[in-house]
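Working from the sequences, and respecting the hints, build out all of it.
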Amino acid sequence: MGWEFRVLGPLELRRDGVAVAAGSVKQRMLLTSLLLDANRVVSLDRLIATLWERDPPTSAIANIRTYASQLRLTLTDGSGDSRLTGRPPGYLLTAADDELDLAHFTQRAAAGRAAMSRGELRRAVGAFREALAQWRGAAGEDTSRSGLLAARLAGLDQQRLNVVEELIAARQQLGENAQLIPELRQLTYEHPLRERLWQQLILSLYRTGDVAGALDAFGQARLALVRDLGVDPGAELSALYQAVLSRDPALLPESKTADGTEIRPRELPTDVARLVGRDREIALAVDALTGLPAIAFYGPGGVGKSALAVHVAHQVAPSFPDGQIYVDLADGPGALPQEPVDVLRRIIRTLGVPADQMPQTEAEAAARYRSFILERQMIVVLDNAASAEQVRPLLVGGGGSVVMITSRRMLATIDRAVHIELNRLTGPAAAQLLATVCGAERIAAEPEETTRLTTLCDRLPLAVRIAGARLAARPLWSVGELVRQLSDEQTRLDTLAFGDLAIRSSIERSFRAVGSDAAALLGLLGTVRIEEFTLAAVAALGDLSHAQAAPAFDQLVEQRLVEQTGPGRYRIGELVRLFAADLAVPGRPEALHRLLCFYLCTARRAWELVHPAFRPARDDGFFETVPRLELADASAATAWLDQERANLLTTARQVADEPAAVARFVPLLLAALHQHLTAGGRWDDLDELAQLSRTVAVRDAAWHAEAEAMVSLAAVCRARGAFGQAISYLERAADLRRRFGDEQGVAACLFALGQTLVHSGDLGAGLARLQQSAALYDRHGLLPAAGQALHESGEVLRRLSRYPEAEAAFDQALAVRRAERDLIGEAITLVALGSTDCLRGSDLRAVGRLTEALARCRATSAHDHSWQALLWRAAAHQRSGQGSEVEADLRSALDLSRWCGDPNRERFAAALLERLGRGEERDLKDRVASELLR
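Numbered according to the UniProt record's numbering, the sequence shown spans residues 1 to 934.
Because the hints were derived from the structure by calculation, they are not lab data.
Treat the hints loosely; a few may be bogus.
Between beta-carbon pairs, the in silico distance windows are [claimed, not checked]:
(1) ASP415 <-> ALA367: 13 to 23 Å
(2) ASP415 <-> LEU223: 53 to 63 Å
(3) GLU531 <-> ASP356: 57 to 67 Å
(4) ALA473 <-> ALA367: 41 to 51 Å
Ideal Cβ positions, reconstructed from N, Cα and C, are used throughout, including at glycine.
This is the structure:
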């Protein structure tokens, strides 16, 4: 890599990429002086004047030779040669141009000036930027300075400013006036006496249409010059001021003639420094520019569509040298959408057409617009489009120009356009955006509160920016303080406002675009907190049929007040929900009641389809006549329960504190969901719902609901291994039901209590409860439940090796299940009977029953019990000497476990086959029993 010498900033000396110490203060001054005159001999007299401003010591020459000797050693390379040599009348430091940043700066600045003289503006901009990239701070900023050295270093700083001004001039000729304004404001603040910078700021402001800003900038320049120097602005600055006052056409770029002016507008708003979380969308947009003449960004209000469109336009602007036009089609909050003809005239006027030649009709204006655009390479940004009809006359069908559109709706009928959807930011991206606004250290100090803050902002870029601005304006606030304020739902929307930014006004713009029916529907959606919903739920909420609800609901979706999350499923953003809750909409209590009825009716129907032998308790007074969702079969019912589970629980939380007439929804929902949540192992959900139900029941003195809640809580405790607590819940539930004469309920408690005691290891006590349960069920004609209790009793008896009693219990259960046409129950009991025969040594009878059981299991897709039946039949075949049948059953069990994706059962079946093949598995019965009856 060699040597690197850097003086344009802190003095740096590097060899092969490794920093090398330059020595003492005087050595660093000597090195700096030599580098400023690299490849030229610097006399001792000049070096003395550099190191000592006045009164050098008598030993000055000797001192310089000592410093030079030390530097010579430092600058020696691997071959023993040094870059520093003595040459009369002084010293010479040798450095190649690519080793010295000053040389590279000088060369690239000269290249930029040469390109400017040839009119190669883009080449000039590139060269000037390369020159300025060599700077890391003020020249020699960490070097002690004498008068001569200070003057030379200050001269370098002036050269840098000269190049900055030349770069700005080149960019102004390229039409980058809007982008330059923030830079020029900063530069004039740092260098208030530099008149050329003020001239450039005034010119850029004027060219972007800010005449008042240009005149104000002249006033600031004059004030600085008078205050600090006691002089008025110079001739050039004063002449520019007069030209602005008189609207001199010469100030406009690229003019031709009065009737054929070729103007290159640069109307894009200021770009954001860094757009967070939108890399994918930016890449899609840039790629689309190569093939299509239009890009349409769409998404909800506040998601950052305008910022993205402007950012992409800035990024690709060099490829469209004839200019950029920007139009806000909404023309401010609360305004009606602009008519296409008005927008066309505004653009045509920008392109230089005088007022007396302005087209009168939309068709004429569109034709004139297209004739301008198609001959040029331009970007047209149409922000906040209301409809495809509004922007269609402004589209271009070819040429080298492109139109970028932003809209809350997807303008699907626009031809030859790529549509790019913007959604909320991810959690990390939202936190990153917050950090860019109010400071990374502040955000890093409170990561959990930051996550809460971005969640309260719904991860919407506008809301996150507002929150960040509020924090930036309150440096003593913690993130947690703002979280506390935003946690109040009554004031959150008002808190999310800062300056000219406000979430409420952003949502209002979408709200004003929908009809009265859609507005009323949105107000009703603010009644509930469900995470996702279907059109069927919305129809129930609004007391509408599906056909009646669809048109109004579609308007909400089009305006992104409601967002689609999947096929037939939608969500309302939290901030939109708060806006909807503030709307004055009549009939909210009735709407909530209808939604609760819809959910309960459909949940009950789903339970009946999945568990036809068991039916939840009815409450016809509550359900009234609200239509339920029709579910085709058990599979559709299970899918609906899975999809709506979160909504059902959310609704239960919301209404638990309501009066009894509404809150009784909670225990009814528990009754409808208990089996589904248990079967799916959703213990946390069942626990929460049961606790809510019990609270409601105790408060409203609903003893039946209280008992149901305790049964569900017992199921949760049993699943978690807390058998003692489960038994306590069940005994209290049974006592409560006995007190009120509910013998069927007592039977259910005894059944659950028996199962719990068995799981806890108390088989005898468990068997007694199960048998009591079976007798009570039978007495009250609840045959499906009686069949289940008899079957469970048989299972316990089998575990106790009381095989004749077990067989009798299973026979009774089988008779009940056949009578009730319970095919799955019949299959399960046949497997149990076959396994009992096998354990008793009745192998031929076991094979017959298990063969019948397999047929039932296959007919009902009871794969778990098919697998068990195959293993038991293999054991029975082995004991009866049918070796080939043993291997066939084990292979079928292995194939079934693989098909079901059960690795544990696959390993067990494979191990049995392997041991059988080696002749080691002489008694399958014991191995199967230890696996299936443990």
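Checked hints:
no.: 1; hint: ASP415 <-> ALA367: 13 to 23 Å; in the structure: 19 Å, holds
no.: 2; hint: ASP415 <-> LEU223: 53 to 63 Å; in the structure: 55 Å, holds
no.: 3; hint: GLU531 <-> ASP356: 57 to 67 Å; in the structure: 60 Å, holds
no.: 4; hint: ALA473 <-> ALA367: 41 to 51 Å; in the structure: 50 Å, holds
Consistency with the previously given hints is maintained throughout, with no hint failing.
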